[in-house]
Every structure is written in structure tokens, then in C-alpha cells.
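Chemist: Work out the full structure: start from the sequences and follow the hints.
If you use mature numbering (1 follows the signal peptide of the UniProt record, and there is no 0), the sequence shown corresponds to residues -19 to -1, 1 to 426, in order.
Relax, there's no trap hidden among the hints.
Computed list of lysine-lysine pairs in DSBU-like fashion (alpha-carbon distance at most 35 Å, straight line):
#1 K342 to K78
#2 K119 to K181
#3 K119 to K73
#4 K173 to K130
#5 K244 to K342
#6 K352 to K236
#7 K129 to K189
#8 K67 to K129
#9 K342 to K136
#10 K293 to K352
#11 K119 to K78
#12 K342 to K259
#13 K352 to K327
#14 K272 to K342
Read the hints as simulated data drawn from the structure, not as lab findings.
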Amino acid sequence: MHFAPIGLVLALFTLLVSALDVDWQKTQVLVVHDPDASPERDVLSTLFQLNEDYNVTLAEYSDLDNLLFLGGDNLYNHVVFLPSSKRAVAAKELVNKHNLLEFFNNGGNVLAVGSSTNSLPDQVRLFLNEAGIFPAPKNFAVASHFDKKVTLNSKNSADSLILSEVPEIDYDGTAALLSNSELVFPIIKAPKLSYCANPKDKHLTSEKTWSVGEQGFLAAAFQGLNNARGLWVGSIDLLAEELVQWVFQQSGVLKLQFAHHYKTDEPNVSNNTLYRIKDEVYYTIGVSELKNGKWVPFIPSRDDDVIQLSFKMLDPYQRLNLTLLGPGASREYGENDLSIFYVEFKLPDHHGMFTFDLDYKRDGLSFVENKQIVAVRHLANDEFKRSWDISNSWLYVASAFFVVVAWFFFVVNFLFIGNEKPELKTVKKTVKKSEEKAEKAEKSP
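Modeler: Structure representation (C-alpha cells):
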């Protein structure tokens, strides 16, 4: 009873001592293989060792000592699984769907290589199924009724940013089906006249065929929301250097250097937390891309590929395209290592809590996200427009003015331009009556 803890301590101490012998400054790569089914492991390890930053560790599926974690942290940056002759393997801790999911969620990258004669272990296949990639079963191969060999060319490209050119080879491998997940995207699609089935089946049916035509894919990738990457290829022949660099986070990596927003009339005050409705706001970001181990300005590969900003409360009130301003430097007097994008817009006439939401997700590129919450207040009592400044009030102000003018002319007309004064009329009537009485008196005898 008392020796079990001591044994655990000794095992942990042994593991730590062996870990100290490894150069942890380098990228740790674990290649898991089956000696009876993966003769190409030497080619793969040579490909990895061409990069001096890789520290490659070879392990077998029968090895029980290898672990993926130490104290909850990943022991390796990348894990590569080669085909195996067995569906179930002895290394349960290493080849386990749940452990692979945890490894991926911790930021680890996974590369799986298929084969036409062998298959990946079931636990690795289940992990790929969780991501949305469904490789064909063991001994399933891509073939064609019209050609003895299935030849690949540029027409088989899925227009991915990862692979610039599909190698022209006679393909000897398997295929996979893909789900409609937004995180999964194809790299190489199967030829139109091809199918994936077991060569031993002479009579093909829908139940015996895994994929037909471009329904199947020969290489596919996926990327988690944490920017961890996974790659599956149906044959070792498709494992180009571009694919390895992508899954090992050496290409297609974007970095948000900064994200600022401010009022156009207050450029010195950046990232305000309080704005006023209808304020003119300037939003700018700096984005870098990793190429050949160096950060360079990021430029979208297509003209219709734009970075968008959403200014939203619950739903976006505004969705705006950012304009490329030009290159810039992240450090003073440094080299240009980023591209500056900007947009200028007016805040909506609505107060509340809003979010500057930058969400740039493209297949083959690491995701760029940034959220900044700000408060937008309404106008204060002394900030509202008055009288003539409000265009809708012009009619009422003009009406009041015309009423005053009309009343003035009415008074003038009534007092001075209308009938004579009443006193003058009374005097004239009295004089006229007196004259009439005098005339009557003269005529009477």
C-alpha cells in the first residue's frame, strides 16, 4: 500500500529526467507508426528533420510508455499518425479519441496519413470523425473504370490557399467524405471518373462504394476556433512540404498587431469606452502574416476578400468593409511587418452597449478575432439642436414668422389704410344735419 505512491514519484522523476534531455527550444514532433505497415516513416522523418527547428520523436503503436500530456500540458506541439495494420493498438493513452481532442483543444496540431492497403487506428478515425472527416475503411482504394491508374493534376485542386499546386502523380491511396462543418475544408478532390471501394469486390454497389467522383476527397484539413490545425491525406505521396508547413503553423498564420478606435475629432484619445450617438468614429487595425519564419504585411489573396467590422448590440447595426491603407511597422523605426486597414463611419442613432466586433475567418488562414465593448450614450439636455438647426422645424418657424408679418400688415391696414376715423364721420354728420335744419327754416313762412 505504501509503495504505490513511491513508484509513481519515481516514474514521474524518470519522465522529468528524460524530458530534460530534449531540446525544448525546438518544435516537438511525435511520429507514431507501425513498423509492419509504415515503411515510409523514414521518408516522413527525413522531411521533418530537414527543418532544424523540429525535434522528431518516433514511437510505435505498441509502445505503452509514450504520453501526450505532462501535468495537463501537451508534451508535443505536433503529432503525426501513420497507417497501422491493426484497428486497435496497444498505446491506449497515446491513441485515444478523448486524449486527442484534449490535445487539440490545448493547441496541438494533428497530422494523419492514410493508405490504400492499411488504415489509421479506430481511435484516430473517431477523432477525425469528430472534426468532420470520414476516411474510407481499411483496404479501400481510389480507382477508375476508364483508366488503370488514377492520375492527379491541377483540375483536382479545391482552390485552397494551403496548396499552390497539386502534384501530377499516379495516385495510390484512399479517399474520405467531408461533413458540412464550416471548420473543415477540402484541399484535393478526387477525379470525376473515380470511385473509392475495395478492389476485391467485383460487383460494386452503393453499399460497397465509399465515394464516387468528386464526392470524395484525397486531402482535407480542419482548424479549430483556437487555431489548432488538423490535416488528413489519403497517401504519403500527397504530403507536400506546403501541407506540412501549414499544419505545423509555419504558414497561413495571421497576427493582429493592434486594433484602435477613436473619434475623428479626437485622434489622440484611443479606445474610448464612451461614445455619443452619431459620433464620427475611425477604426483601424494592423495585421501581419508569417512567411518563411518572418512577419510580413498581410495582403488578401483575392480582391473580393475583405476584412469586415461589425458594430453590433445584439445584432449588427452596421457591417463595414475595411480598406487597405498600406504597410506599417509594429515598432518605431522598425521594418514594415504589418498592413493597416481602416474604416470611418457614423455611429447609429441608438444608445446602449455596443461591440466593435472584428471576425475574419478564411479557410487556410488562422482566425483573427477582436471584440471591444463600448457604451453609446444619448444626447445631453444642452446638446440637442435648437430651432433653425432642425430641418423639420423650418416649416413651423416660417409659419410663425409669416403669422407675425401678416398680423403687422393687418394692424396697419386696420388703423391707417381702412375707413376714416369715427370722430370725423360724427362731425360731418352733425354739420350736415345743421345745414338741413337751416334750409328748412328759410323755406318755412
